[in-house]
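Asks: Now for the letters of each chain:
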Amino acid sequence: MGCIQSFRQCCDQPKNTNVRISLPAVCCIWQIAMIILFGIFIRYNEESDAHWIDHKTSNNISSNIENDFYFRYPSFQDVHVMIFVGFGFLMTFLKRYSFGAIGFNFLIAGFGLQWALLMQGWFHSLDPMDGKIKIGVESMINADFCVASCLIAYGAVLGKVSPVQLMVMTLFGVTLYAVEEYIILSLIHARDAGGSMVIHTFGAYYGLSISWMLYRPNLDQSKHRIGSVYHSDVFAMIGTLFLWMFWPSFNSAIADHGDGQHRAAINTYLSLAATVLTTIAISSLSQKTGKLDMVHIQNATLAGGVAVGTAAEFMLMPYGSLIVGFCCGIISTLGYIYITPFMEKYLKIHDTCGIHNLHAMPGVIGGIVGAITAAAASEEVYGKEGLINTFDFMKEWKYMVPTRQGGHQAAGLCVALCFGIGGGIIVGCILRLPIWGDAPDNSCFDDEVYWEAEEGNGSGNYVYLFFYMTLEVLIKMFL
Amino acid sequence: MGCIQSFRQCCDQPKNTNVRISLPAVCCIWQIAMIILFGIFIRYNEESDAHWIDHKTSNNISSNIENDFYFRYPSFQDVHVMIFVGFGFLMTFLKRYSFGAIGFNFLIAGFGLQWALLMQGWFHSLDPMDGKIKIGVESMINADFCVASCLIAYGAVLGKVSPVQLMVMTLFGVTLYAVEEYIILSLIHARDAGGSMVIHTFGAYYGLSISWMLYRPNLDQSKHRIGSVYHSDVFAMIGTLFLWMFWPSFNSAIADHGDGQHRAAINTYLSLAATVLTTIAISSLSQKTGKLDMVHIQNATLAGGVAVGTAAEFMLMPYGSLIVGFCCGIISTLGYIYITPFMEKYLKIHDTCGIHNLHAMPGVIGGIVGAITAAAASEEVYGKEGLINTFDFMKEWKYMVPTRQGGHQAAGLCVALCFGIGGGIIVGCILRLPIWGDAPDNSCFDDEVYWEAEEGNGSGNYVYLFFYMTLEVLIKMFL
Amino acid sequence: MGCIQSFRQCCDQPKNTNVRISLPAVCCIWQIAMIILFGIFIRYNEESDAHWIDHKTSNNISSNIENDFYFRYPSFQDVHVMIFVGFGFLMTFLKRYSFGAIGFNFLIAGFGLQWALLMQGWFHSLDPMDGKIKIGVESMINADFCVASCLIAYGAVLGKVSPVQLMVMTLFGVTLYAVEEYIILSLIHARDAGGSMVIHTFGAYYGLSISWMLYRPNLDQSKHRIGSVYHSDVFAMIGTLFLWMFWPSFNSAIADHGDGQHRAAINTYLSLAATVLTTIAISSLSQKTGKLDMVHIQNATLAGGVAVGTAAEFMLMPYGSLIVGFCCGIISTLGYIYITPFMEKYLKIHDTCGIHNLHAMPGVIGGIVGAITAAAASEEVYGKEGLINTFDFMKEWKYMVPTRQGGHQAAGLCVALCFGIGGGIIVGCILRLPIWGDAPDNSCFDDEVYWEAEEGNGSGNYVYLFFYMTLEVLIKMFL
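Protein chains in written order, with numbering that gives the first Met the number 0: chain A, 0 to 478; chain B, 0 to 478; chain C, 0 to 478.
Note that these hints are calculated values from the structure, not bench results.
Quick caveat: nothing in here was measured; it's all calculated off a predicted structure.
There's no promise every hint is true.
Since the list can't tell identical chains apart, any single copy or any two copies may satisfy a pair.
Straight-line alpha carbon distances no greater than 27 Å define the calculated DSSO-like cross-link-like pairs of lysine-lysine that follow [what the hints assert, rightly or not]: (1) Lys55 x Lys394; (2) Lys55 x Lys14; (3) Lys383 x Lys133; (4) Lys344 x Lys222; (5) Lys383 x Lys131; (6) Lys131 x Lys55; (7) Lys394 x Lys133; (8) Lys55 x Lys287; (9) Lys383 x Lys55; (10) Lys14 x Lys287; (11) Lys347 x Lys383; (12) Lys344 x Lys131.
All chains should be modelled from the sequences, with the hints used to inform the complete structure.
Replies: The following block contains the structure:
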């Protein structure tokens with residue numbers, strides 16, 4: 000116990016938010032490390048290498064359009080927009096933390112995707128012939144997916160951490176992600192095209208555990224900056240809408256060519272539509288006068304996309320997607336109303352963006368829905384070839400049956416949970432050290448800590464104006 | 000007459016804007032109805048079903064890339080952005096109605112697309128074998144198109160109706176749309192890839208008729224909220240630009256594979272470019288000092304895309320597209336300057352977003368341009384096969400000739416007009432009933448009626464600040 | 000000397016910003032000219048013409064998916080977003096020039112792309128059979144590219160010129176672009192898929208030279224409007240992010256089908272990721288307290304995309320892309336800190352958006368990287384066929400070797416520089432004439448010069464409120 004106490008004391012030293020040495024040092028050193036590692040390990044795959052023309056001939060590929068680029072690039076770009084504009088703007092709702100939301104989102108994603116290409120490459124696309132990782136458009140999508148889990152985690156600690164902490168969080172987050180993804184997808188052979196388990200469940204519990212470890216008892220000193228202003232809410236809707244619109248691409252981006260991608264897009268489209276209606280219903284019901292709350296519209300409307308992630312490529316059926324969306328809109332909105340305040344008060348977990356309601360619960364639901372749908376799969380519905388194709392019952396898994404696949408899906412969900420919570424607690428401990436330059440409790444949610452204030456910023460400008468005008472009026476009256 | 004008068008009296012009761020019961024009830028009941036109907040009727044089509052692999056073999060399809068998904072999904076995503084970000088943000092120009100613009104747009108679209116999948120499915124893609132509607136990527140695009148007509152209609156009544164009224168308006172709007180679309184495209188065999196008639200003409204007259212029925216003589220009590228503020232105009236430009244940029248995808252999304260989609264994109268691209276120049280020219284000319292008006296730039300620049308909708312897939316020729324765009328920029332801008340005030344004053348039609356100038360007039364022009372272009376089609380220009388292909392002169396229409404097709408196009412335009420005006424008047428009557436929770440005349444265009452106010456909202460915040468600072472200054476001066 | 004002096008005197012007459020005659024006249028006349036020229040010269044190419052069905056048969060093309068539309072349209076739409084939203088919003092950072100940034104960007108692009116289709120068509124796609132220009136999706140991308148160079152140039156003179164001047168600048172800019180592009184790509188046979196030289200180097204030096212010619216010694220009269228406000232910085236981030244995200248599409252849009260496009264996307268993706276980290280590092284290092292500067296994040300993060308433009312389709316290798324991005328982030332950020340103030344003070348070049356740091360220097364670096372990568376190309380790395388394919392060593396260039404290609408690349412860079420600087424000086428002279436309606440030195444960077452002020456604009460509104468409230472408080476205190 001004494002050890003924990005002295006760790007606490009060590010952590011509770013006065014904060015210094017000057018990151019002038021640490022931030023550039025971390026950025027430069029890690030970027031140089033990336034260059035070296037990329038030089039050693041990463042090469043183009045056969046579809047992006049100049050030898051493609053030879054590969055085409057030797058594999059009897061008739062046309063350039065068969066290059067995976069044309070199957071996946073439009074979806075990649077949509078996912079890319081979700082990562083940078085979607086997640087970035089979704090977090091701009093705070094009245095004075097828009098720069099931090101967009102800027103640090105940018106930093107995490109820019110670094111994370113490089114590290115993800117390496118980590119995922121080592122596990123998934125290492126060429127045994129020459130020991131190199133071969134990358135193509137699917138690797139870029141997977142790297143963006145991996146980064147998404149770190150950005151989800153950022154949502155829980157938004158406004159309370161320094162950029163250096165975020166870099167550390169991302170480094171470990173990506174590493175953990177690559178390992179759990181390998182276990183879930185390759186070892187356990189669970190299917191998770193849209194990442195309900197691998198991305199959302201893991202990312203959300205990783206972030207929540209870190210937020211729990213970094214709990215600030217005196218955060219109410221910054222309470223007045225937690226709200227939104229009119230235009231910051233409109234900015235946040237840019238994020239919401241781009242996430243909402245492109246979620247069908249997210250869930251279909253790495254699904255099987257042909258019907259797999261097609262079906263995943265349809266299921267996600269339907270699920271999200273249903274979520275909008277139930278979110279609005281519950282939001283209106285929760286207020287005395289039936290007014291809607293922007294926080295719900297901004298976040299809970301997306302829960303349907305999370306929850307349909309795993310099952311999107313299965314034969315979930317259009318009505319099945321609607322049911323999933325229907326339930327998630329209700330659960331997620333109720334989460335914002337009841338669970339977030341509860342967690343803050345009793346569990347000491349402060350969750351700035353409410354990722355528990357948007358990613359954690361819907362992610363777990365998505366894992367369960369995936370397990371049920373997989374277990375219920377039949378040759379009648381999928382066709383003999385279709386079943387093998389959809390669940391990848393090939394090679395060493397050719398004797399797998401749907402009911403067992405359901406069990407494997409459930410096992411995958413547990414792995415994601417364990418990695419999220421366990422990893423988050425460990426990383427949270429590291430981030431409590433007083434060396435990372437995070438803000439004191441009374442300067443959270445404030446851009447001025449890490450961003451150069453513009454000459455005449457929003458409120459400052461007006462404050463200056465009042466002052467000036469008030470004086471003028473007074474002078475005129477007394478003369 | 001007594002009957003109409005007593006209807007009026009009944010409608011003019013004091014307004015109650017509490018939608019706490021009605022909005023959640025409508026959302027939940029309709030969503031449950033959707034789930035049931037989807038369960039009974041909707042299934043995946045052969046390209047999104049797991050049996051695709053069998054279908055591919057039996058139809059001798061060589062590659063997954065032949066799946067319609069790869070022909071249309073990028074365009075679908077662009078259309079999706081237009082519906083949610085384009086229409087949503089275009090309407091944020093009002094200084095205090097941005098939440099309502101984006102939020103209710105989201106609600107209408109989320110509900111409308113589900114109902115559209117059903118309605119359009121019953122008319123167009125009911126499988127006679129099993130009585131099921133088979134959906135795929137083209138169904139999603141068509142559902143988005145259908146929703147677009149309701150969002151256009153929303154533009155006319157923006158800020159003056161309750162969310163419950165919007166739900167009712169959407170329910171009837173989608174129903175009417177599906178019927179008129181079936182009549183125009185299937186019975187009359189008119190072609191309308193970009194929906195100048197089916198979407199824009201119908202949607203705009205539907206909305207204008209409703210606005211006429213819901214005319215508020217004392218709306219000037221809310222006049223001070225009709226303007227924009229600097230940043231709300233910038234937000235609206237997000238909507239304008241996404242609509243403008245993706246309009247080529249809108250007009251080409253359901254055009255024929257190959258040259259049809261290709262040509263539709265080119266024609267729209269050119270028409271829109273020409274519109275920008277004439278809009279700016281007329282806008283500048285209309286002001287004494289040659290200054291530009293943001294309202295024109297936000298709206299009239301889009302008229303070229305509307306007007307080229309029907310003819311986009313025909314051999315309109317690049318210069319033809321430019322001419323259409325040229326004229327529409329002028330007409331639409333003049334509409335904002337002269338026709339909108341005229342309609343409000345003399346016809347008692349208040350059109351918040353000016354959809355008469357952006358959708359109604361250009362839509363009618365588009366129908367006429369389509370009729371002329373179709374009537375002028377010749378084998379010399381299209382080629383023998385090309386003519387059959389472009390106008391779908393197959394099966395029961397194999398003896399059709401271009402000149403007659405021109406007549407059918409004109410007939411289609413009339414049907415769209417009738418459905419729009421007729422349907423709008425009937426639905427407008429229903430919406431006048433005093434049960435829908437719409438705002439009184441002095442609370443229109445105000446988000447506070449249906450949205451929970453954030454703690455410190457834009458102006459409120461500053462008002463508080465003035466007060467505080469003024470007092471401080473005064474106290475200091477007197478002590 | 001007397002001649003230059005009298006030219007100066009002529010130019011220094013008092014300014015009249017009324018463009019009510021000149022702007023509509025220029026827009027209408029040029030648009031009518033476009034219609035006539037399009038009527039004479041421009042037709043659909045074989046892939047967008049209704050004869051495609053015959054062309055398909057005669058060329059043994061098996062499927063509609065082989066139409067170039069499906070290879071390039073998704074990239075085209077991404078590029079389109081970059082031009083209109085990317086460049087437009089990137090320039091909204093000024094506190095009172097957002098309308099001008101987005102609106103004039105829209106005007107330039109709308110006009111420029113039509114003129115570019117003609118100019119580029121005459122040089123590149125004139126059909127010798129019938130003397131017509133045949134356009135398709137690749138022409139639209141090239142037109143957007145051409146417009147990009149004019150928008151880059153606009154960045155240097157943002158807020159200091161009238162819309163009429165911008166139209167003239169665009170007319171000459173597009174013309175010069177088409178000539179230098181023809182010389183570089185066709186005569187010199189340099190490769191430049193992403194346009195480091197052709198677009199960025201040319202555009203930036205063109206703009207800088209014009210800005211130099213239009214130097215305003217008394218611009219500090221408008222100095223207080225050069226800064227940003229909180230929300231204008233957030234708007235600018237919309238531009239930054241859409242440029243950043245879609246840059247892989249920009250560099251791959253007109254690369255070779257198959258591996259060319261694939262590789263260009265990967266290289267750009269990586270280069271941009273590295274730039275984010277070094278930009279943040281240098282930005283933090285440059286401030287005493289380690290705070291970040293929004294100007295750097297908005298601009299310098301994009302430099303990696305510019306610098307990898309030429310070499311993106313070569314076998315630059317993933318680590319090569321990271322190195323290019325690494326260096327450009329540093330150089331570009333240092334440029335904002337040291338070079339821009341230096342240029343303004345000593346070279347009399349005022350560069351509003353800092354295009355010298357974002358486009359000029361990275362563009363030149365990109366040209367050099369391209370030359371080196373080309374010179375170092377070998378059959379070992381590219382394969383025999385791959386080398387021919389990538390560098391287009393066919394027909395009259397079939398005896399070309401990589402080392403020589405490197406020299407040609409360098410020659411291309413020189414041509415771009417000469418055209419940019421030379422053309423800019425000449426056009427700048429023309430734009431100094433006192434007939435274009437530009438603003439006086441004390442009204443630069445102000446939307447009110449060319450835009451109708453909305454009723455209650457941002458600050459005006461509040462100023463009015465202060466006044467009202469202050470008076471109220473005073474009256475209450477004295478009574």
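Asks: Any hints this thing doesn't respect? Which numbers, in order?
Replies: Of the numbered hints given earlier, those the structure breaks are 2, 8, 11, 12, listed in rising order.
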